[in-house]
Every structure is written in structure tokens, then in C-alpha cells.
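A.B. asks: Sequence:
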Amino acid sequence: LHNTLDRMNSISLVADAFGMIGALSAAADKFLRETLLLKLRHGHLVASHPDDDRLLQRALADIINGTRLSADFWLIDRALPEASVACQLFALPRNSFNFDFTPRVLISLRPHCPLASEQTSILTALFGLTMAEGQVAIAAGNGLSRERIAESRGASAATVNEQFKSLYRKMGVTREAELVALVNRVLR
-6 LHNTLDRMNS
4 ISLVADAFGM
14 IGALSAAADK
24 FLRETLLLKL
34 RHGHLVASHP
44 DDDRLLQRAL
54 ADIINGTRLS
64 ADFWLIDRAL
74 PEASVACQLF
84 ALPRNSFNFD
94 FTPRVLISLR
104 PHCPLASEQT
114 SILTALFGLT
124 MAEGQVAIAA
134 GNGLSRERIA
144 ESRGASAATV
154 NEQFKSLYRK
164 MGVTREAELV
174 ALVNRVLR
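With the working numbering applied, the sequence shown covers -6 to 181.
Don't take each hint at face value.
Distance windows between CB atoms, simulated [as the list claims (entries may be wrong)]:
#1 D(-1) <-> W67: 23 to 29 Å
#2 N177 <-> N154: 18 to 24 Å
#3 R51 <-> R103: 26 to 32 Å
It is worth saying that the hints were derived from the structure and are not from the lab.
Note that the Cβ used here is the ideal one computed from N, Cα and C, for glycine as well.
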């Protein structure tokens, strides 16, 4: 199992029916040594922030108990949001395995990879955006709040709100979540 996880070249862990981590990739081992967001404590994966840990433990319990087949959420680094991690959990089939533990949950972690400002031209060409609108869309795609976008651009909140309205119209979306999803689908 360890070799399989390592060949996937991903940050992956496998938990048993008690939530204990029984296997992890070399990338996961390295990641856990370097991050402050997650740690292994007594064989269990725990998040450093209580809200994130409740979310993680609830998702693990639901998948182990069979009430969910998967979970997908972000673990947010409150000090440095761009260091946040996407966390995906998947139920494993309840087969007999020839391991020293019974795998039940595959945990996959993906560090946030910010969109580059150089990608603005792609959005401007595809959707007929102004350069400023493209920059706002990239910032939103990177998870920045409207307030942070305004602050980083030296613009007023009203200007950024007007740019969002224009983005919705030009990109054919009606909500900020749809805008963020579309930007990430197009550019990732």
C-alpha cells in the first residue's frame, strides 16, 4: 500500500475503521512534518484549528459509519490563507485486505496553488473583460474576500462591487461562488 501511495506522487493517507492512520505516502509524511495545519497525534490525523478539526473528525466519522461516501472541504490557515489545504476523503470498499490494518478512508490533501496574475490575459480574451476585471477575477479565484481585493488594489469597496457585477454579467454567472468555480475551472 505504501508503494502504491508513493507512486501516486500525492499527499495521501489511509485511515482504518477507528480513524487511525495505517498508511501514508512519502509526500504526506513530508507535508505533515512541514505544516502547522495538520498533525498525527497518537496515530490520528488532527487539524490544529478546533473548527477545522471538528470538520475533519465529523467527515471521517461519517465516512467510517457509512453515512457519506466522500467529503471535500478546505482547511484554512488563518494566519496565511494562501497556505490553506484542500482536503478530500473517500470511502474505501469494505473488502478483505491483506494488510496489518483494514483500510476504510482514503485522505487526499492538496495545498492551495494560487492562480498567477499572468493568467489575466486568458480571462480577458475569453470573456471580454477589462484588465482590472481580470485581475479582480484572479484574486477572487485565489479566495480573497472583496475587502482584501479592494485593499490590495487600492480601490474602494464600491469599485470592487461594481467590478463583480460586471464580471457576473460578462462571465454568465449570478453568484460569487459560481465566478470562483468558473475561474478555477478555466485556469487550472
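A.B. asks: Evaluate each hint against the coordinates.
C.D. replies: Do the hints match the structure? See the list:
1. Taking the beta carbon of each, D(-1) and W67 are about 25 Å apart, inside 23 to 29 Å as hinted.
2. Separation of N177 from N154 is about 21 Å and conforms to the stated range, judged on CB atoms against 18 to 24 Å.
3. A hinted range of 26 to 32 Å is violated for the C-beta pair R51 and R103, which are about 20 Å apart.
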